[in-house]
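K.L.:
Here is how the chains run, residue by residue.
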Amino acid sequence: MQKRLEIRLKPHLNDAEGHGLRKKAEAYFGLAIETVRTIQIVTLDADLSDTQFNTIKNDLFTNPVTQESSFDPLDTPFDWCIWVGFRPGVRDNAGSTAVEAIEDILGLKFKEGEAVYTSKRYCITGPNLTEKDMKALASELLANDIIQQYSVFSKESWDKNNGVGLRVSKVKLDHTPTVSTITVESDELLRTISNERNLALRSQDIPVIRNYFLRDEVKKDRAAMGLSDPTDVELEYISQSRSDHCNHNTFQGIFRYTDLTTGETEVENNLFKTYIKEPTLYLKDKKDWVVSVLWDNAGIGRFDENNNYVITGETHNSPSNMEAYGGAITGIVGVYRDPLGTGLGAKLVMGSYGFCVADREYSGDYQPNLHPRRLLDGVIEGVKDGGNKSGIPTPFGQIYFEKGYLGKSLVFVTALGIMPATVNGNPSHEKRTTKGDLIIMCGGRVGKDGIHGVTASSEVFSENTPAGHVQIGDPYTQKKMHDFILDARDEGIIVFITDNGGGGLSSSIGESAEISNGCHVELEKVPLKYNGLDQWEIWISESQERMTVVIQPENLDRFMELSKKHAVESSVIGTYTDTGKLHITYHGKTCAYVNMDLLSEGFPQWEFDAEWQAPERRGLFEPVTNEPKDYNTLILDLLNRPNICSKEWVTRQYDHEVQGGSVIKPLMGKERDVASDASVVRPVLSSERGLAFSQALLPTYSAIDAYHMTTCTIDEAVRRLIAVGADPDQIGGVDNFCWPDIQFHPEKNPDGKFKAAQLVRSCRALKDMCMAYEIPLLSGKDSMYVDGHLKGRYGETLKVSALETMQFSASAVVTDVKHCVSLDAKMEGDLVYIVGETADQLGGSEYYEHIGKIGLNVPQVNAAHFMPRYRAMARAIETGLVASVHGVYRGGLAVHLPMVAIAGCFGMTIRLADVLWEGDTAKRRDDRILFSETPGRFIVTVAPKNKMLFEKLFSAMGAKHVGEVTRENDPLAIIGSQGEEKVRLSVSSMKHAYKKRFGDEI
Amino acid sequence: MSDVNVLVLTGYGLNCDHETAHAFQLAGAVSTRVHINALIAGEVKLDGFHILTFGGGFSWGDDHGAGVVQAVRMKTHLGKAIEAFIQSGKLVIGICNGFQTLVNMGLLPGFDNDYRSRRVALIHNDCGNFRDDWVALKVNEKSPCVFTQGLDAMEYPIRHGEGKFYAEADVIKRLTDQNQIALRYALKDGSTANGKFPENPNGSVDDIAGICDATGRVFGLMPHPEAYSHPVNHPAWTRQKEAAIRTGIIPDNPETPGIRLFRNGVDYIRNNIL
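Line order of the protein sequences matches chains A and B.
Start counting the first sequence at 8; every next residue gets the next number (the working numbering).
Start counting the second sequence at 152; every next residue gets the next number (the working numbering).
If you're looking for bench data, these hints aren't it; they were derived computationally from the structure.
Hints are not guaranteed to be accurate.
The following residues of chain A were derived to be distant from chain B, with all beta-carbon distances above 12 Å [what the hints assert, rightly or not]:
1) Asn21
2) Pro434
3) His663
4) Glu678
5) Val687
6) Ala871
Taking lysine-lysine pairs in the DSS-like style, the calculated list, with each CA pair at most 27 Å apart, reads [as the list claims (entries may be wrong)]:
7) A:Lys825 with A:Lys788
8) B:Lys231 with A:Lys571
9) B:Lys196 with A:Lys1003
10) B:Lys196 with A:Lys677
11) B:Lys347 with A:Lys116
12) A:Lys1002 with B:Lys347
13) B:Lys347 with A:Lys17
14) A:Lys410 with A:Lys227
15) A:Lys677 with B:Lys293
16) B:Lys196 with A:Lys572
17) A:Lys30 with B:Lys231
18) B:Lys347 with A:Lys571
Every residue gets a Cβ at the ideal spot worked out from N, C-alpha and C, and that includes glycine.
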């Protein structure tokens, strides 16, 4: 029986959700809405009695204090009503928990096909609202066509008896699972079929695949299993394994790099090996704190003698650009499975985010799939629900606005975990699969999620087609699984674990079977969300919240007992073997039988031409400027710029204190409102040690040279860590490359060779910096193709590519959190130092961007010079010589001197004549001192009594006393080189400028 | 000295169990994290414990009202056992999602010894979103609440989307008259916030941040005392540290106001039950 329950807040109560919608409708669309009241709809599709329905209504879904409900449509008045619900097959988290709750309260189990679906309707009043307004509101704010459906009802068209209808969003697939075979008669035919089936086999790989299947001994092996031509399961497996996502073909490719200035060409045979793997292995040998790198789901470093920490970073760009909320929540929940699947399983202890989007107020002609504002709102909310509901703090993050991200926005997610160094006496970072071990799938069930995502989006929807290609992460299911796995780990039951992400079972089992050298998987044992999936779909589905866990058969009972206790579904779906074969059956019939070493068959490397044209030769030059006269207004305008201003609105939506280990929070200072340099948490509550974490992004510098973009980004991330008190000898890094397409094509990608050269240069910079600062890369990922084809006003499309972007994350141990410092000035009379010289490096700066220029003199890192300074800073912090430390980042001193002042709510007097200048003194000018973004610098406040010791520690390291902290709420006064006052700004005016832009956002 | 045994619930999306157990340990108790299902299945008996803790988190994803499904499950399977636990003079504390659960179970406000009726609610914040911030709190010294005895004013973090305390006027009056309002959101100077945002972060009626039952032995609050278990948890700790260095008065690892709240519960058991 199907029943629809409507629930609303009692009319006299404030409807916060409705209020938020009203505010957004006004801000985003200029709609004058008077009221919005929200009605929650729960559609029950289950064979229950009236008494049971009433129990559910009264005891579960209606709070007698605040709510009213009815199985008939509620009579909330409206001029317009918008109903929004999920498309069939889209993860309905609330529907699933409703089933659990109903089963519990009624003491029964839902039968197959029975379910609960949730949706909402919004009752909107306002005298001048039109149907067009409502459709805009529905389609551009409330519902995303990819995952949701909506209906608009006018007051007149409303049927009081039937309301919105029943709205049962059930998946119906009238399909019998079928394995099909694909001919390998010719390259041409296989290529055609590959295209038709969206197999995405690369042309160069096709002959290798054919050769394999045409080999006599292979044919003979297969014939014994009843197979001849390859099956779709097999080709999908090969396609997944050979994809750029899984195999990193770009970074393992051959680059012919030509410097057009010198005409010299160098051949790079494998960027990954040369610039990431080799330096990391070298540093692993050198640094005994590095536990495990380069092979597992995440890297592992030592936290203390009993615990190791785990770190990794990911992007989730393409899905977030289609459905921002779903993409981002799937991204953060997904990256949280990586530490959980590292070693024998780590407990998640923190996460972070990085969002790169175009201007929030964008109003140009070229239309992205989602407007940047909507996209940003969605990804913010996705990471909020994903992080908060996982019980994992999010104490760091960054948002970067740049027009190139209109083509494709970036969503970075990073995760850190902690695990005991040993489990049952065995090292927790080691794991293996052995013949006879059981393959268990835990967590969620399998549906058509994430299968051939991109192509599926262009297919025509029917009412019952599962919209599976875009997913919605389910942090609740995963949190249960997380707790379960840690319990099982601590009992010593788990021998191997890995997550199911990209490629699904195909990747997780395919890769783990390489260790034992074979496996046998019985696909019919994989629990499904709904029937009708083909075998190949089960094999490669990317349905979320699943881990592949490996145990020995004798531990199966205990494992299942724990699984039941934690209310997690676990199923044995196969065993590992040592047969050298990946063997997949479905009800006993073989549907895949390939050699485990098929993937080392000698597939050809990808090849790229890279041409570097120096910035001068590309026509870049320094803008010709005079010193500004009105510094006060200019500085306030800079503080208000999107990339500089406060993002407190986002920070406060994210729980950054859960787990109780917060030390340096994302917002610090007297009024807790200025972004801190880095975060520090105590992941082990019984320990005084901390884990510092920071990230940096400086894509603007790529407009000049991605080499320096990379060095400056890494330097910033490291300097951020140093600023809070991290140990410079234990810094680990995570590189996340997001690059536009680098494969040259005369029409489709005419500047591909340049972008390829930028990638080579960035990789070289990465190695140079890692070696200089001694940072092993604990983890890293690349995401290519950051381009979009946007529709224009005349029906044309335009390709928009992002700037070459690398996010760098850095982590390090803090020996004793009591020594940590924050950025805010703390005491009147303290001395202000700038540590590090300033140079004429305004190229790509925030100031130049503000006046519409790029420039040429990109900031440069002098690593050999900086590192001793960072060690001295670490020593100064450890010995308590400094009251505050803040790095000088984007915007230069003009932005970061105000940060120190407004964080502490103190005035400061700064004398620019005392600032150390590096390079041509003829270039020295007060505006350049203030706006240059030279890396390697800090602003430090020091108690007068520590002057001598501090200066001694930094002798010959560029520390210069440049001013004093004045009284509370005194102005920031900056005295020019000639002795005249150039800046006089009150703390409140600077704070207002810093906070007003996003101050009213919800 | 006998142990004060504290049970901290885990499972189904609860997530503050580790730090809550840690905080009780610091306060002198022996705390055990127990899965809701282990308690329901009888693998662990409630009888062996003195304090039952409903901690923070997103139980069942909070998809149908925060704490609602947890309340239904607990009430269905353990309602009577928990009532007996309370009647035997032991303590129950609910923090954030735990507070939401207590009010949905009817354990609070517990008027007239009725621990089953829902009379108060915690609903969506007026600000329209989840919010993480530190708040100043003022203790009602007349309240019988066991956990807030001897505390006057303190700061704890709040981290919730549904923390607006709401009840009909007659219920609020009764809570006030019986001094069941133990904790209110306050301004810096210690006076109550009077609805001012962000000091009152969610629009709670009468700035209510925490209430107890008439006996003072069942207590629920939205702020997280367990997240202030170490001096460095406080958002101004680096400033406090510097001020201490300059004055030369450096506190010797003082117990935080967060731990003091738990110690009150532990001491109560020592003094009254053991």
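K.L.:
If a hint holds in the structure, say so; if it does not, say that too.
P.N.:
Checked hints:
A beta-carbon of chain B comes within 12 Å of the beta-carbon of A:Asn21; the shortest separation is about 6 Å. Distance check on A:Pro434: its Cβ is at least 23 Å (rounded) from any Cβ of chain B, clearing the 12 Å threshold; non-interface status holds. Not every Cβ of chain B is farther than 12 Å from the Cβ of A:His663; the closest lies at roughly 6 Å, contradicting the non-interface assignment. Listed as a non-interface residue, A:Glu678 fails to keep its Cβ farther than 12 Å from every Cβ of chain B; the least gap is roughly 10 Å.
At the 12 Å boundary, the C-beta of A:Val687 falls inside the reach of chain B, the nearest C-beta of that chain being 8 Å off. With a least CB separation of 31 Å from chain B, A:Ala871 remains clear of the 12 Å interface cut-off, as annotated. Distance check on the hinted pair: A:Lys825 and A:Lys788 sit about 34 Å apart at the alpha-carbon level, beyond 27 Å; violated. At most 27 Å may separate the alpha-carbon atoms for a hinted pair to count; B:Lys231 and A:Lys571 meet this at roughly 24 Å.
Distance restraint check for B:Lys196 and A:Lys1003: the Cα-Cα separation of roughly 54 Å exceeds the 27 Å cut-off, and the hinted pair is therefore not satisfied. Of the pairs offered as hints, the one joining B:Lys196 and A:Lys677 is violated, with about 47 Å between alpha carbons and a cut-off of 27 Å exceeded. For the given pair, B:Lys347 sits about 47 Å from A:Lys116 by alpha-carbon distance, which is inconsistent with the 27 Å threshold. For the given pair, A:Lys1002 sits about 19 Å from B:Lys347 by alpha-carbon distance, which is consistent with the 27 Å threshold.
For the proposed pair B:Lys347 and A:Lys17, the alpha carbon gap of about 24 Å is at most 27 Å, so the pair holds. Annotation: proposed proximity of A:Lys410 to A:Lys227 is violated, straight-line Cα distance about 57 Å (limit 27 Å). For the given pair, A:Lys677 sits about 32 Å from B:Lys293 by alpha-carbon distance, which is inconsistent with the 27 Å threshold. With a C-alpha separation of about 16 Å, the suggested pairing of B:Lys196 with A:Lys572 holds against the 27 Å cut-off.
Between A:Lys30 and B:Lys231 the alpha-carbon distance is near 46 Å, which puts this suggested pair outside the 27 Å criterion. A C-alpha spacing of about 47 Å is found between B:Lys347 and A:Lys571, which places the hinted pair above 27 Å, so the restraint is violated.
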